[in-house]
Amino acid sequence: MRFEALIELHHDELYHYLRRMTAGSTCDAADLTQETWLRAWGAFDRLRPNSNARAWLYRIATNCALSASRSGRREIPLQEDQDVPDEARTPLEQLEHGEELALVLEKVGALPPRQRAAVLLRYGQELRYSELACVMRCSEANARANVSLGVRRLRRELEVT
Amino acid sequence: MNANAGVPGVNRSRERVLDWFSRTAPLVVWSEMDSPLGPLYLARSEAGLCRLAIGVTEDNFRARLPARAKSSRNPDALREAQEQLFAYFDGCQVRFCLPVDLGEMTCFQQGVLRQACAIPAGELRSYGDIARDMGSPRASRAVGQALGRNPVPIVVPCHRVVGSDGRLTGYSGARGIESKRWLLRLEGAPVKEVPGE
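Chain order of the listed sequences is S and L.
Counting from 1, one number per residue, gives the positions in the first sequence under this note's numbering.
Counting from 1001, one number per residue, gives the positions in the second sequence under this note's numbering.
Excised from the complex, chain S in its bound form (with noise of 0.2 angstroms):
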């Protein structure tokens, strides 16, 4: 896989999914998506042909976000961006506009990082549970843990509101 075709394929789809990771501050996701990419790049000869390119970008990201967040990097609440007709992607993608939508994902910013984005990864991203584990580096029931635990206290939050 040459490193020009994972930018055309995957940079869009990354953005998006770092967007939501810090909970739509778009200049953070610009900057974690841009430092995704340097990361891979300097990363690049460890990919081994025939892996799953995909799932070891994801796995990069989400470091880059996981750090971000522990460093406490600002993030600030889904706003910005949330008019502009980006290219819908994923079915979550194409209903993001609506209000109920942004309550979710209101509430999916304010989950811990990793369940975060376990529930991101599987419901907006749409991964495997065996991609999941990959980018998480962890196990396959981890993973669904992870996601589950997340889809709990998200249902758990919004019947409360």
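Treat the hints as calculated values from the structure; they're not laboratory data.
Quantities reported herein were computed from a predicted structural model and do not represent experimental measurements.
Yeah, the Cβ is synthetic: ideal placement off N, Cα and C, and Gly gets one too.
Any given hint might turn out to be false.
Short, incomplete list of chain S residues facing chain L, as computed with Cβ under 7 angstroms [stated by the list, open to error]:
{"id": "1", "residue": "Arg2"}
{"id": "2", "residue": "Phe3"}
{"id": "3", "residue": "Glu4"}
{"id": "4", "residue": "His11"}
{"id": "5", "residue": "Ala30"}
{"id": "6", "residue": "Thr33"}
{"id": "7", "residue": "Trp37"}
{"id": "8", "residue": "Tyr129"}
Not close to chain S: a few residues of chain L, all C-beta gaps over 10 angstroms, as computed [said to hold, decoys possible]:
{"id": "9", "residue": "Val1010"}
{"id": "10", "residue": "Trp1020"}
{"id": "11", "residue": "Phe1021"}
{"id": "12", "residue": "Gly1055"}
{"id": "13", "residue": "Arg1062"}
{"id": "14", "residue": "Glu1080"}
{"id": "15", "residue": "Arg1095"}
{"id": "16", "residue": "Ala1131"}
{"id": "17", "residue": "Gln1145"}
{"id": "18", "residue": "Glu1178"}
{"id": "19", "residue": "Pro1190"}
Between beta-carbon pairs, the in silico distance windows are [claimed, not checked]:
{"id": "20", "chain 1": "L", "residue 1": "Asn1074", "chain 2": "S", "residue 2": "Arg39", "range": "49 to 59 angstroms"}
{"id": "21", "chain 1": "L", "residue 1": "Gly1038", "chain 2": "S", "residue 2": "Leu9", "range": "26 to 36 angstroms"}
{"id": "22", "chain 1": "S", "residue 1": "Arg39", "chain 2": "L", "residue 2": "Arg1185", "range": "48 to 58 angstroms"}
Knowing the structure of chain S, use the given hints to seat chain L on it.
Relative to chain S, chain L alone:
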């Protein structure tokens, strides 16, 4: 006023990443030409010709360009190589005078390909001959593998290397052995007709 106002964040981010990539990645230019063996694609890096492929699709060719490179179609940058190749296919005794980039090959593989370049048109050598010339007489198989990875066939004439019994073995370009035989005949080499090739 912000010049990017109203531009979707994803587009701004993509432009930024592509701009960084253009400034960071080595540039490889490529082009295509007709040949008697079918469409021929070739590419060059700053160091020289780095890919030549016949009998592949454009997508397939581009997918095999150096992994970190930024690629751009630029026929002008490959004009000289194309002219030499046209002359070669016209049957002229061309000794290719083109810088070749073998930077992705190991030292041994580069040595094998240099040995292949030293074989004059119209002559043949065996894998064993090359192995002996390399000082590794038992490395015929490794020689075969190195020739099989030749990124610029024809210009580096790996087709002039044959089995010790004259059999035309192994050629991955275009139509395989048939193309190897065609190239050797074009150069006036003594090609054996061996049943079962």
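Hint-by-hint comparison with the structure:
1. Against a cut-off of 7 angstroms between C-beta atoms, the interface hint on S/Arg2 holds, since the closest Cβ of chain L lies about 5 angstroms away.
2. The beta carbon of S/Phe3 is positioned within 7 angstroms of a beta carbon in chain L (closest approach about 5 angstroms), and the interface hint is therefore held.
3. Given the 7 angstroms rule on beta carbons, the hint for S/Glu4 holds: about 6 angstroms separates it from the nearest Cβ of chain L.
4. For the restraint placing S/His11 at the interface with chain L, the shortest Cβ-Cβ distance is roughly 5 angstroms, inside the 7 angstroms limit, so the hint holds.
5. Interface hint at S/Ala30: satisfied, since its Cβ lies 4 angstroms from the closest Cβ of chain L, which is below the 7 angstroms cut-off.
6. Taken as an interface hint, S/Thr33 checks out: its beta carbon lies about 5 angstroms from the nearest beta carbon of chain L, inside 7 angstroms.
7. A least Cβ separation of about 5 angstroms between S/Trp37 and chain L falls short of the 7 angstroms threshold, and the interface hint therefore holds.
8. With 7 angstroms as the threshold, the beta carbon of S/Tyr129 stays out of range of chain L, its nearest partner Cβ sitting at about 27 angstroms, so the hint is violated.
9. With a least CB separation of 5 angstroms from chain S, L/Val1010 falls inside the 10 angstroms interface cut-off, contrary to its annotation.
10. The claim that L/Trp1020 is not at the interface with chain S is violated, since a C-beta of that chain comes within 10 angstroms of its own (minimum 7 angstroms).
11. Annotated as non-interface, L/Phe1021 brings its C-beta within 10 angstroms of a C-beta of chain S; the closest such distance is 6 angstroms.
12. In this structure L/Gly1055 is separated from chain S by more than 10 angstroms, as the shortest Cβ-Cβ distance comes to about 21 angstroms.
13. Residue-level check failed: L/Arg1062 sits 8 angstroms from the nearest beta carbon of chain S, not beyond 10 angstroms.
14. With a closest Cβ-Cβ approach of about 25 angstroms to chain S, L/Glu1080 is found to remain outside the 10 angstroms limit, as its non-interface label requires.
15. With a minimum CB-CB distance of about 33 angstroms to chain S, L/Arg1095 clears the 10 angstroms threshold, and the non-interface call stands.
16. Residue placement check: L/Ala1131 keeps its beta carbon more than 10 angstroms from all beta carbons of chain S (closest about 28 angstroms).
17. Every CB of chain S lies more than 10 angstroms from the CB of L/Gln1145, the least distance being 17 angstroms, so the non-interface label holds.
18. Look at L/Glu1178: its CB is around 29 angstroms from the nearest CB on chain S, clear of 10 angstroms, so calling it non-interface holds up.
19. Residue-level check passed: L/Pro1190 sits 40 angstroms from the nearest beta carbon of chain S, beyond 10 angstroms.
20. L/Asn1074 and S/Arg39 have their C-beta atoms about 30 angstroms apart, which leaves the hinted 49 to 59 angstroms range violated.
21. The beta-carbon spacing between L/Gly1038 and S/Leu9, approximately 29 angstroms, falls within the hinted interval of 26 to 36 angstroms.
22. At roughly 52 angstroms, the beta carbons of S/Arg39 and L/Arg1185 sit within the given window of 48 to 58 angstroms.
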